[in-house]
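Just so you know, the sequences run in chain order A and B. According to numbering that gives the first Met the number 0, the first sequence is numbered sequentially starting from 0. According to numbering that gives the first Met the number 0, the second sequence is numbered sequentially starting from 0.
No lab work stands behind these hints, which were simulated from the structure alone. We treat Cβ as the ideally placed atom computed from N, Cα and C, and that holds for glycine. Warning: the hint list may mix true and false statements.
[What the hints assert, rightly or not] Partial pick of chain A residues on the chain B-facing surface, computed with a CB cut under 10 Å:
| hint | residue |
| --- | --- |
| 1 | V317 |
| 2 | V318 |
| 3 | P322 |
| 4 | A325 |
| 5 | R326 |
| 6 | A327 |
| 7 | Y332 |
| 8 | G338 |
| 9 | S353 |
| 10 | I357 |
| 11 | L364 |
| 12 | W409 |
| 13 | E413 |
| 14 | V474 |
Each chain, letter by letter, is given below.
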Amino acid sequence: MTAIVELRQVSKSFGNLKVLKDVSFDVQPGEVHALLGENGAGKSTLIKIISGVLHPDEGELRVVGEAVRLASPREARGRGIATVYQELLLFPELSVAENIYLGHAPRTRWGAIDWPKMRSGARALLDSLDSHDLDVDTKVGLLSVANRQRVEIAKALSQEARLLIMDEPTAALADSDARKLLTIVRRLRDRGVGIIYVSHRMQEIFALADRVTVLRDGAFIATKPIGEVTEGSLVSMMVGRSIDQLFPKTETARGATVLELRNVSHREIVRNVSLTLRAGEILGIAGLIGSGRTETALTIFGITPATSGEILVDGKPVVIDSPAAARALGIAYVPEDRGLQGLVKPQTIRENISLAIIDRLARLLLIDRRREGQLARESIARFGIRARGPEQLVRQLSGGNQQKVVLAKWIATEPRVLIMDEPTRGIDVGAKAEIHALMSKLAGQGLAVLMISSELPEVLGMSDRVLVMRGGAVVAEFDRADATPDAVGSAMTAAGQSSLEGAA
Amino acid sequence: MSFDVMQSRPSFPRRLLGFVEANGQEAIILAAIILLFVVVGVVNPRFLGNSNLTSIFSGNAYIAVAAIGMALVIISGNIDVSVGSLIGVLATIAGTLAVNGYPIIVCWLAPLAVGVAINAFVGFLVAYVRIPSIVVTLGMLSVLKGGLISATAGAWINNLPPEFMLAQFRPFGVPAPIYFMVTLTLLAALWMRYSGFGRTIYAIGGNPDAARVTGIRIERSIVCVFMIHGFFAGIAAVLFATQLQVIQSTVPPNLELTVITAAVVGGVSILGGTGTVIGSTLAAILFAAIGSALIFTNVSAYWLRAVQGLFILATVLADMARRRRLR
Numbered sequence: 000m001t002a003i004v005e006l007r008q009v010s011k012s013f014g015n016l017k018v019l020k021d022v023s024f025d026v027q028p029g030e031v032h033a034l035l036g037e038n039g040a041g042k043s044t045l046i047k048i049i050s051g052v053l054h055p056d057e058g059e060l061r062v063v064g065e066a067v068r069l070a071s072p073r074e075a076r077g078r079g080i081a082t083v084y085q086e087l088l089l090f091p092e093l094s095v096a097e098n099i100y101l102g103h104a105p106r107t108r109w110g111a112i113d114w115p116k117m118r119s120g121a122r123a124l125l126d127s128l129d130s131h132d133l134d135v136d137t138k139v140g141l142l143s144v145a146n147r148q149r150v151e152i153a154k155a156l157s158q159e160a161r162l163l164i165m166d167e168p169t170a171a172l173a174d175s176d177a178r179k180l181l182t183i184v185r186r187l188r189d190r191g192v193g194i195i196y197v198s199h200r201m202q203e204i205f206a207l208a209d210r211v212t213v214l215r216d217g218a219f220i221a222t223k224p225i226g227e228v229t230e231g232s233l234v235s236m237m238v239g240r241s242i243d244q245l246f247p248k249t250e251t252a253r254g255a256t257v258l259e260l261r262n263v264s265h266r267e268i269v270r271n272v273s274l275t276l277r278a279g280e281i282l283g284i285a286g287l288i289g290s291g292r293t294e295t296a297l298t299i300f301g302i303t304p305a306t307s308g309e310i311l312v313d314g315k316p317v318v319i320d321s322p323a324a325a326r327a328l329g330i331a332y333v334p335e336d337r338g339l340q341g342l343v344k345p346q347t348i349r350e351n352i353s354l355a356i357i358d359r360l361a362r363l364l365l366i367d368r369r370r371e372g373q374l375a376r377e378s379i380a381r382f383g384i385r386a387r388g389p390e391q392l393v394r395q396l397s398g399g400n401q402q403k404v405v406l407a408k409w410i411a412t413e414p415r416v417l418i419m420d421e422p423t424r425g426i427d428v429g430a431k432a433e434i435h436a437l438m439s440k441l442a443g444q445g446l447a448v449l450m451i452s453s454e455l456p457e458v459l460g461m462s463d464r465v466l467v468m469r470g471g472a473v474v475a476e477f478d479r480a481d482a483t484p485d486a487v488g489s490a491m492t493a494a495g496q497s498s499l500e501g502a503a
Numbered sequence: 000m001s002f003d004v005m006q007s008r009p010s011f012p013r014r015l016l017g018f019v020e021a022n023g024q025e026a027i028i029l030a031a032i033i034l035l036f037v038v039v040g041v042v043n044p045r046f047l048g049n050s051n052l053t054s055i056f057s058g059n060a061y062i063a064v065a066a067i068g069m070a071l072v073i074i075s076g077n078i079d080v081s082v083g084s085l086i087g088v089l090a091t092i093a094g095t096l097a098v099n100g101y102p103i104i105v106c107w108l109a110p111l112a113v114g115v116a117i118n119a120f121v122g123f124l125v126a127y128v129r130i131p132s133i134v135v136t137l138g139m140l141s142v143l144k145g146g147l148i149s150a151t152a153g154a155w156i157n158n159l160p161p162e163f164m165l166a167q168f169r170p171f172g173v174p175a176p177i178y179f180m181v182t183l184t185l186l187a188a189l190w191m192r193y194s195g196f197g198r199t200i201y202a203i204g205g206n207p208d209a210a211r212v213t214g215i216r217i218e219r220s221i222v223c224v225f226m227i228h229g230f231f232a233g234i235a236a237v238l239f240a241t242q243l244q245v246i247q248s249t250v251p252p253n254l255e256l257t258v259i260t261a262a263v264v265g266g267v268s269i270l271g272g273t274g275t276v277i278g279s280t281l282a283a284i285l286f287a288a289i290g291s292a293l294i295f296t297n298v299s300a301y302w303l304r305a306v307q308g309l310f311i312l313a314t315v316l317a318d319m320a321r322r323r324r325l326r
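Please work from the sequences and hints to get the whole structure.
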């Protein structure tokens, strides 16, 4: 049988960062092919190449046996490749039928839209998806997320999709809706449609997939029939790598408790989180995106202040209602996205490093330029920032060096607590190891470090203790010795397991 | 171990671009001014005559002063399209007080106070209520312009007392507005470069989210920027009100555009975060000189607006290209 889509030795880079390396992948008609990997493993890039959003640097893309170059997502759709995006791309003010046939409505002989044909066509498509309850004349804006998703799928089918790409389709669905969706996916498969299915929910993958492909750091790890893998073997394929060199963790004496959270909540996003953080320790927080990890950090740092509960610094209750307040208490935050929240890119290294202490550097209104320059030069040496000098613009630096600048900016405030959110996202392996070494060293000097990461090996490799978050709450805590990939990984993904069994 | 790629010695175009990036826009404009004076001076020597130079520099100083405040607002990532109307209102306030016999010092200071107060309100709406500055100031534009015409019924203010005419003073033979323009430009330039607050404004314009996450209270800073802008508008209004024997309630039409153009062409990125007030003042002088040059070379003065427009487009395009290249 000819594969609907086949990638042969495809590579793709963004700047210096190679995000896909020699990946081969194919989808057969009537197959659900699950795609697995951690954040940043290359899943989205692969999907974007298949759907015509990105072009491979090397390798070839074949659609039904023919080597093609997809110039645009539109061309991909023309070849029967449809994507159901996480954020649904529908027009809320148009009806269900109009959305389904947008851009390719049936026409009458005179060129006008053939409304009866469009409505009956939409009806037939929805019926074929077991969605008899959905009215084709309802405005899409009035529908639930689950129903909108069905409209998207019907829309894909109306264009005679042979391949449907579904990127975390159940992430935003309630359990009963997720079950219905799985039924629809099976129905499509039985009709001969090929499906690429991306999900973090292991139970769904075992309930649905025929084959599974694992990516890691942009490299192809394996493609296996679902019968040959177990949940454990998939997790270790996703995370396994030589951990020792990448994570230079030194044992340090732990000091007094610096930061304590008691039942801290922020609306419904952070729920009753309690934790303690001691001087000299690295506390890792693991969890999927949306589990409340980053949100907890934002609450501690005063960006989304706590709506209930107590935060204590050095045993004293404090109110943190703004980043400025957090900074004054000796809390530093290296954000998840250094481009959006960490750096002022049109400014120099010197100006970025001094930004958090600019008030302290100013005497009688004017900045002490000598001290500022000295701080910049010292930071460049101490953090190993590779740059031409303090006057280089930060936007000219590589990701790893930019991250060091953000770190240097915060260390200049002489903090007691350092929160690092995704400290090594999007930077290459060498710079990763350097950032890890810096983290270890800072903890060794008595800094209390709270590290949030999507990369399980990083959490396991660097942390003295690991907290696992899910649904906004802390669901498990492990000491370094007990934190195995399997234990932490299953605590992270346990959501949805029991409730989905009915669909299996 | 793989090391990050270090920027080794960059190519010549890139270094030239880097130079322009660092301090070039001001240099380019200065060169353009000199070139213009030389060329037009050769074509028509009266262009370089004392009276014409006075009218170029002194007559347009208030635009340069207003452009300083505008530069600060744009650097902070905002914009003010109402400054022309504000200057009109403030000038009318000053003139009305003067003809009604209030002490001269009150007539001079009242516009500053009112300008600061009005723009404190504008800044509050932008920073705390989070209405985009273009919307707030577009509203202010109508309110101020409408209010001014209703209040004055379009009448001009005459019979201003001679001691009120600040812009006509000539200490050491040089018109007072030139002192104001030069002093305020230099003070503002130094302050933006060397003060903590100036640095903060650049950071907010360069990346407001990063500034906030770094612990800068950006709402407060933005209100301050608008208040400073109101202060400069007040000074500009006094210079404008005192340079002629009458105050026209219509102000020069499109004054806000001229002021914004000066700031942007002077090298202040319309996207915020970069630029200097030296550049904005030089650009204000350049436009004044171009306007005068058109007259002296017998070209219709209506071309001035077209030339300004072309300058703005060229500058913004260059800025975009630079950002794209250096990203």
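Status of each hint after checking the structure:
Evaluation of the A/V317 hint against chain B yields a violated restraint, the C-beta minimum of about 15 Å exceeding 10 Å. Hint on A/V318 is violated. Least Cβ distance to chain B is approximately 15 Å, over the 10 Å limit. With its C-beta approaching chain B no nearer than about 4 Å, A/P322 sits inside the 10 Å limit, and its interface hint holds. The interface hint given for A/A325 is met, as the beta carbon of that residue sits about 7 Å from the closest beta carbon of chain B, less than 10 Å.
Look at A/R326: its Cβ gets to within about 4 Å of chain B, closer than 10 Å, so that hint holds up. For A/A327, the shortest C-beta to C-beta distance to chain B is roughly 8 Å, which falls under 10 Å, so the interface hint holds. Below 10 Å, beta-carbon pairs count as interface contacts, and A/Y332 has one with chain B at about 6 Å; its hint therefore holds. Taking 10 Å as the C-beta cut-off, the interface hint given for A/G338 holds, the closest approach to chain B being about 9 Å.
A hinted interface residue such as A/S353 counts as satisfied when its beta carbon comes closer than 10 Å to some beta carbon of chain B; here the least separation is about 8 Å, so the hint holds. With a cut of 10 Å, the hint placing A/I357 at the interface with chain B holds, because the nearest CB-to-CB distance is about 4 Å. With a cut of 10 Å, the hint placing A/L364 at the interface with chain B holds, because the nearest CB-to-CB distance is about 5 Å. At its closest, the beta carbon of A/W409 sits 9 Å from a beta carbon of chain B; the interface hint therefore holds under the 10 Å criterion.
Of the supplied interface hints, the one on A/E413 is violated, with its beta-carbon coming no nearer than about 14 Å to a beta-carbon of chain B, more than 10 Å. Taking 10 Å as the C-beta contact cut-off toward chain B, the hint placing A/V474 at the interface is violated, the least distance being around 28 Å.
Against the hints set out earlier in the document, violations occur for numbers 1, 2, 13 and 14.
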